[in-house]
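Protein chains in written order, with this note's numbering: chain C, 1 to 253; chain H, 1 to 649.
Because the hints were derived from the structure by calculation, they are not lab data. Careful, some of the hints might be misleading.
What the hints assert, rightly or not - Capping the alpha-carbon separation at 20 Å, the derived lysine-lysine pairs in PhoX-like fashion look like this: (1) H:Lys194 x C:Lys88; (2) C:Lys28 x C:Lys140; (3) C:Lys95 x H:Lys194.
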Amino acid sequence: MSESVIINTNNLNLWYSEKHALQSVSIKVPKNKVTALIGPSGCGKSTLLRCFNRLNDLIDSVRITGEITLDNENIHAPSTDVVTLRKKVGMVFQKPNPFPKSIWENVAYGPQVHGVRDKAELDRIVEQSLRHAAIWDEVKDRLHDSALGLSGGQQQRLCIARTLAVNPEVILMDEPCSALDPIATAKIENLIEMLKKDYTVIIVTHSMQQAARVSDYTGFMYLGKLIECGKTVQIFEHPKEELTENYITGRFG
Amino acid sequence: MVSSNSTEPGSGASPRTAQISLLKEQAIKTVFFSTAFLAVIVVSFILLFLLRDGYPIFGAVGLIPFLFGMTWAPTAAEPLYGIFPLIVGTLLVTLGAMVFAVPLSIGCAIYISELASPGVKKVLKPAVELLAGIPSVVYGFFGLIVLTNFIRISFDIPTGETWLAASLLLGVMALPTIISVSEDAISSVPHEYKEGSLAIGATRWQTISRVLVPAALSGIAAAVILGIGRVVGETMAVLMVAGNAAIIPDPIWNILSPLRTLTATLGIEMGEVSIGSEHYSALFGIAIVLLVITLVINLSAVAILRHLKEGRTSVRKPLIPVAMKESIVRICKAAGLVLVLLFLLIAAPWWLTAAIVFAGIIWYYVKDRVSERHIQTIAFGLVGLAALIVLAILVIILQDIVINGLPAISWEFLTQPPKDLGRAGGIFPAIVGTLYLVLGAIAIALPLGVGAAIYLVEYTREGKITRLIRTGVDLLNGTPSIVFGLFGFAFIVLYLNVGVSLIAGQITLALMVLPTVIRTTEESLKNIPQSLREGSLALGATQWQTISRVVIPPAVPGIVTGAILSIGRAAGETAPIMFTAVVFSSRFLPSSLTEPVMALPYHLFILATNVPGSSTNKYGTALVLLLLVIGFYAVAIVIRTHFQNKARG
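Starting from the given sequences, assemble the full structure and let the hints guide the process.
This is the structure in structure tokens:
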């Protein structure tokens with residue numbers, strides 16, 4: 001790949017107690033592109049995604065070997081602050097998970113915890129983030145209503161706005177559309193297209209069509225291994241590995 | 001023709017047998033319904049008898065003078081029945097207990113649910129349960145011997161029996177309730193909130209303080225309200241340490257003043273009042289006031305918790321609209337600030353005011369320079385400290401009673417009747433009496449409670465009648481134990497003319513533990529998957545067959561656990577039996593149900609408050625009572641974990 005690399009893993013292994021969930025994964029994620037991770041259920045794509053912001057730290061039984069770098073810095077190094085890491089690497093979850101607070105509070109939460117106190121500044125960030133996430137027009141008149149009153153698709157875009165508000169470099173998306181209807185899905189996909197100007201997006205998806213539609217690069221995973229990774233066009237039209245071809249043509253999965 | 005008693009498959013189709021089995025089902029359902037309805041009947045009887053015996057005082061004195069009269073002097077030459085000082089006493093003790101218990105409990109709950117490693121959790125959770133298991137008379141005994149002395153010496157005052165002592169002791173007693181309910185609330189905040197917050201780069205403490213705790217706030221509020229209910233209804237412990245002068249502290253914030261609560265008044269005076277007198281009626285008037293206060297408290301907690309449960313299963317509807325909530329929060333903050341300022345200006349000693357103002361100024365200048373990481377370190381330190389304090393309290397109480405109690409334990413102590421007013425001899429009749437009381441109580445409460453739970457879970461849908469029954473159970477659950485004592489005295493001892501007797505105590509205790517039995521049985525029945533019932537019914541089994549053969553057997557461990565917990569609770573109670581069943585000293589075991597008995601908690605109470613110079617035997621009695629109650633709890637916990645592990649396979 002010619003582009004500059006933002007995240008790089010080298011021989012990454014991960015175990016859940018006894019289960020070897022990621023096996024020698026080495027992947028380079030290019031900057032300001034959309035990279036999709038595809039593969040059958042349980043292949044480790046979500047696990048890999050959660051390595052990038054060290055959210056697997058929450059699970060006691062997880063053990064990791066190998067190296068992950070963000071901007072050439074090892075994210076497991078003792079000098080790395082996990083809080084700073086997560087500020088740089090935002091995440092959007094499978095099920096929309098707005099906090100039980102107002103829309104405004106949801107978006108302002110990130111900047112607030114990172115020390116922004118000025119109300120006008122917060123207002124500006126909230127508006128900008130909501131505009132960026134293409135949801136401003138729908139919520140601008142009810143910023144102080146509970147976020148739980150929004151529809152599923154709106155909640156997911158709110159969660160994206162919440163992530164944008166801390167101005168990350170990378171946005172991880174873990175099947176962000178799996179709980180949404182087709183119209184809401186289309187809105188999120190358009191949004192991803194717009195986001196890549198400013199951010200690097202890594203998206204885990206079940207749907208190969210979605211990967212083909214939104215991503216520049218695609219990695220195919222199977223049983224904990226990264227089988228193949230490359231330009232999306234190439235992966236879908238001329239896969240190098242037979243396994244990839246079988247999966248893409250629907251012979252299994 | 002097929003004979004009606006044939007057991008051939010298919011014979012049930014004959015119209016006659018079908019009719020009989022239908023009748024049988026109806027009869028069974030009716031029996032269960034009556035057990036469930038009993039809760040409602042008991043509640044109405046309690047109200048009825050309290051009103052019957054309490055009403056005359058309102059006629060004689062008038063409601064307003066009774067509630068707001070400033071002097072309680074029932075035995076004066078010209079008796080005065082004003083309970084305002086008692087109401088104020090109850091409020092002040094509760095307030096003091098909460099100031100101490102709420103921060104400690106919430107800190108401990110946060111520690112257990114978010115910070116503790118699995119190993120530490122394994123120590124802390126049973127420790128909190130143990131704290132809940134200590135009988136209130138043992139708390140009172142510890143308070144009387146250790147805490148009041150400590151206060152007397154540290155503040156250099158003539159007696160340590162004060163508001164401060166009562167609030168500290170009751171605060172400790174409220175800890176387990178508040179900790180366990182708020183821990184539950186924090187733990188059940190959806191995991192996604194936590195992940196969402198951490199993924200944004202919030203620190204763990206920011207996640208806890210800004211997402212988890214706010215999301216669990218209603219549950220925590222319910223926990224605090226339940227804790228308040230526990231404190232307001234407590235009798236024996238507060239009676240033993242509060243000094244019991246029916247005065248309003250002067251000045252009102254003087255925490256070293258003695259005071260007297262509503263419950264303590266009942267506990268002290270009920271035993272010496274002449275039945276049917278104005279004084280007697282005034283005591284029942286107090287019981288009514290007490291009942292109303294505790295019912296309001298407990299029902300509001302129940303309402304909050306129920307709303308939470310329903311909110312989880314259906315679409316979340318906030319209890320109050322967000323905008324309104326914000327303004328409420330703002331008003332509360334402002335009001336709190338004004339109160340604190342007033343307190344600092346008027347009441348607090350100058351050095352405290354200076355210290356707080358100084359700390360505030362320092363905080364104002366430092367807060368923007370302190371990194372989130374440091375704040376987190378400080379916060380985690382404080383939260384861990386709260387957990388440590390809770391653990392230390394338990395250790396201090398247990399070691400005091402074990403170390404001082406062990407020398408008293410001997411074969412003679414356990415098998416001989418008391419001599420010289422309990423200063424010498426043993427406590428055998430008291431041990432046996434307590435066992436008689438609790439076994440009789442559970443023999444009455446278990447069938448009734450299990451029947452009621454089966455009716456509520458298996459036979460009805462939610463409707464008006466179940467709501468009525470549930471409210472009855474909730475009311476019964478929130479009734480202070482001393483009110484059960486008064487009811488038992490007025491109804492069983494006097495009205496039914498049974499006299500002070502074993503059976504009167506057993507029935508009173510049975511009514512008291514009935515809600516616990518119903519609750520735990522309901523829980524374990526609800527845990528049985530619906531598919532099992534459907535599987536059985538689909539084979540053509542009747543409802544009763546399904547219940548008795550498919551639903552109840554796997555629920556038995558849960559039911560047994562609940563029953564043993566109830567036994568433990570009943571064994572430690574003093575207030576319900578002290579007017580209905582017990583005598584202080586008796587050389588013999590009761591030979592029939594109509595004779596009074598000795599009981600451990602009451603024995604300890606009298607030794608501690610009325611018999612000077614019985615130190616060793618006091619501690620011995622306290623230790624035996626403690627071991628007995630904890631023994632019951634331990635058995636229950638062992639059964640529970642055994643079957644939980646088994647269920648997990």
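Each hint tested on the structure:
Proximity of Lys194 of chain H to Lys88 of chain C is assessed by CA-CA distance (about 18 Å); at most 20 Å being required, the pair is judged to hold. Distance restraint check for Lys28 of chain C and Lys140 of chain C: the Cα-Cα separation of roughly 39 Å exceeds the 20 Å cut-off, and the hinted pair is therefore not satisfied. With a C-alpha separation of about 13 Å, the suggested pairing of Lys95 of chain C with Lys194 of chain H holds against the 20 Å cut-off.
In summary, the one numbered hint that this structure violates is 2.
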